[in-house]
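S.K.: Using the sequences and the hints, build the whole thing.
Chain by chain, the residues run as shown.
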Amino acid sequence: MEREDIYTFKSTYRQDMKVKGFRFGSGQRAACIVGPTRGRENQQLYICGRLVKTLEELEKSGAIANDKEILVIPCANYYAFNLENNFFGVKNLDINRCFPGKTGGEPISRLAGGIYDRIKEYTYTIQFTSFFERSECVPHVRMMETEHTNSSLANLFGLPYVVVRRPLPIDTTTMNYNLQTESGNAFTIFTKETENIDEKAAKGAVSAVLRFLTRMGIIRYECHSGFISHMLYEDDLTDVYAGRGGLFRSKVVCGEDVRYGTKMAEILDPFDGSLREEITASTDGIVFFAHNSAMINQYETAFRMIHRLHE
Amino acid sequence: MRETVLEFELPVGETYKIFRNRIEPQTQINSPGRLSIVSGTHGDELEGQYICYEVARRISEAPEKLMGIVDIYPALNPFGIDMASKNNPLYNADMNRTFPGSAGGNLMDRVSSGIVESLAGSDLVLDIHASDIFVREIPQVRLAEEFAEGLLPFAKLTNADMIWMNATATVHESTLAHSMNIMGVPTLVIEMGQGHQINKPYGDQIVDGIFNILCELGMWMGQRPRTHLPAISSDGSVEFIRSEKAGIFIPLTEHNHFVKAGDVIGEILDPFSGGEPLRIVTQQSGLLFTQRIYPVVSEGDLLARILTGAF
Numbered sequence: 001m002e003r004e005d006i007y008t009f010k011s012t013y014r015q016d017m018k019v020k021g022f023r024f025g026s027g028q029r030a031a032c033i034v035g036p037t038r039g040r041e042n043q044q045l046y047i048c049g050r051l052v053k054t055l056e057e058l059e060k061s062g063a064i065a066n067d068k069e070i071l072v073i074p075c076a077n078y079y080a081f082n083l084e085n086n087f088f089g090v091k092n093l094d095i096n097r098c099f100p101g102k103t104g105g106e107p108i109s110r111l112a113g114g115i116y117d118r119i120k121e122y123t124y125t126i127q128f129t130s131f132f133e134r135s136e137c138v139p140h141v142r143m144m145e146t147e148h149t150n151s152s153l154a155n156l157f158g159l160p161y162v163v164v165r166r167p168l169p170i171d172t173t174t175m176n177y178n179l180q181t182e183s184g185n186a187f188t189i190f191t192k193e194t195e196n197i198d199e200k201a202a203k204g205a206v207s208a209v210l211r212f213l214t215r216m217g218i219i220r221y222e223c224h225s226g227f228i229s230h231m232l233y234e235d236d237l238t239d240v241y242a243g244r245g246g247l248f249r250s251k252v253v254c255g256e257d258v259r260y261g262t263k264m265a266e267i268l269d270p271f272d273g274s275l276r277e278e279i280t281a282s283t284d285g286i287v288f289f290a291h292n293s294a295m296i297n298q299y300e301t302a303f304r305m306i307h308r309l310h311e
Numbered sequence: 001m002r003e004t005v006l007e008f009e010l011p012v013g014e015t016y017k018i019f020r021n022r023i024e025p026q027t028q029i030n031s032p033g034r035l036s037i038v039s040g041t042h043g044d045e046l047e048g049q050y051i052c053y054e055v056a057r058r059i060s061e062a063p064e065k066l067m068g069i070v071d072i073y074p075a076l077n078p079f080g081i082d083m084a085s086k087n088n089p090l091y092n093a094d095m096n097r098t099f100p101g102s103a104g105g106n107l108m109d110r111v112s113s114g115i116v117e118s119l120a121g122s123d124l125v126l127d128i129h130a131s132d133i134f135v136r137e138i139p140q141v142r143l144a145e146e147f148a149e150g151l152l153p154f155a156k157l158t159n160a161d162m163i164w165m166n167a168t169a170t171v172h173e174s175t176l177a178h179s180m181n182i183m184g185v186p187t188l189v190i191e192m193g194q195g196h197q198i199n200k201p202y203g204d205q206i207v208d209g210i211f212n213i214l215c216e217l218g219m220w221m222g223q224r225p226r227t228h229l230p231a232i233s234s235d236g237s238v239e240f241i242r243s244e245k246a247g248i249f250i251p252l253t254e255h256n257h258f259v260k261a262g263d264v265i266g267e268i269l270d271p272f273s274g275g276e277p278l279r280i281v282t283q284q285s286g287l288l289f290t291q292r293i294y295p296v297v298s299e300g301d302l303l304a305r306i307l308t309g310a311f
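Each protein sequence line maps, in turn, to chains A and B. No gaps in the numbering here: position 286 of the first sequence is 286 in the working numbering, and each next residue is one more. No gaps in the numbering here: position 115 of the second sequence is 115 in the working numbering, and each next residue is one more.
Because the hints were derived from the structure by calculation, they are not lab data. Do not rely on the hints blindly, as some may be mistaken.
[As the list claims (entries may be wrong)] Straight line, CA to CA, 25 Å or less: simulated SDA-like cross-link-like pairs of lysine to any residue:
| hint | chain 1 | residue 1 | chain 2 | residue 2 |
| --- | --- | --- | --- | --- |
| 1 | A | Lys102 | B | Arg242 |
| 2 | A | Lys10 | B | Tyr294 |
| 3 | B | Lys156 | B | Asn212 |
As the structure is a prediction and not an experimental result, all values here were calculated from the model.
M.R.: Next comes the structure, spelled out in structure tokens:
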């Protein structure tokens, strides 16, 4: 394992933030795994740390294929982690809205550009990130739909779902969109948790990356074949919005197979405890995404369901 | 008349509302023109607050002279203004990267879509921004080249000091201005001053420009204010001066002054060492229209912008 500083951000009064990379194997730049750009993505950081540990063991046992190099960048923004802040710097900006970045630009643009220029050298890039919303979701691989998109490759992670998103203007500055536009081999993995560490989900995410690397001939690793992924477009998910604001008491969990009319959540008046709304399933299907905060605003997404899919 | 543009229920005892002030002519007019003034998309940019006030005040002094509809939206991000936050605190995102939104979407989409829907039908929209808390700007119009043909005639009437063609992200995709212009509603982005501040002379200058526009549109029968033509520039005629070192920036020139190539416009100090400061020297002559105000700088932070060439 070789360590390198991918990008160094200099500060007047803090220690310089050195975005660290861990390299395994040598030769063709085969795969790059990038961890959190946001300081509350604790689960994603944990997964990347475990990946580094596992790849180091695999390298020692000679399991990295000849002429293949893997780079892991476990964290792109540890300044924010140390403050338990989500975004970067005094301007409080989201790094994952600043790609591809620009050498000679604003500080955050230089940081994003420094990372981007390094990772785009790799054939496959895998990013761990999270949703903006306070939520949990079923583990899945996500890709932006561009002219290069080859979603069948995403199946090789063996996660239950592959989700393809038709990009909106808001997506055009994300890492995944830019890499996908350039190369077509950019994958984003969403795991169940974000701020809290879920051991089982983390293990599943590590396995998914190792499975993909094995199937692409980058490492030699015996692992379970995982799922034959169910592919869907994000637009096909059925959104269930909160009709009222209030205290949110969920009755279902992510991955649960529910039937039309199933009671999914209650929204209560926080002052008197009275029921403001009972959210019921508008279709049969699997709960793909669930709001997981105690409070919810009217019109906020409470659940996203995979319409008419069963376990 | 105060009108509610959109509203939704918050969890605990409060309703989120965005208002506009619709000022209509006193006499019946067939197909009256409509000018919309929006501000407060970024909650830390307050220059528009005075402009909204002053436009309403001047009309109220002679309401009989108004021959069209003026809609004033002082706070598109009311909670951001309340919290002095650029982002919308409800979903911690930059609202000006969420347009055009979607009427049937989640909360963020509905807010953006509701604003767009409310502005549709305007003959002209003026989207008033301030700079952030880090740099000070002269009054300027920013517009994307793709819409320049339709927007330049309006931009020249604004009494701004400068029109900057194809400038920063403020005129790009997923912004309010871009979304409205794509819809065929001419929308100008006006930027001036600095965050958390109100520069009254700048505000008065732009208010004169707004009444100049109202006269041009046949919506104001009062005296046309005396205004001047802005300088017109493209990206190629703007010199960006960025910090190449972290430290404390001390400006050594006045904002909105002409500088000559080789002038020292500021210094970056190291408060620890008291050593020789890094002198910041201009490469070209021109008008220093952007100046760093916030002293702490990192590598890449904008220190100044200079409008060069003939103008």
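S.K.: CA of B:Lys156 to CA of B:Asn212, is that 25 Å or under?
M.R.: It holds: about 10 Å lies between the C-alpha atoms, which stays within 25 Å.
S.K.: For the pair we were handed, A:Lys102 and B:Arg242, check the Cα-Cα distance against 25 Å.
M.R.: The given pair, whose Cα atoms are some 13 Å apart, holds under the 25 Å limit.
S.K.: CA of A:Lys10 to CA of B:Tyr294, is that 25 Å or under?
M.R.: Roughly 17 Å between the alpha carbons, so the hint for A:Lys10 and B:Tyr294 holds.
Of the hints listed earlier, there is not a single one the structure fails to meet.
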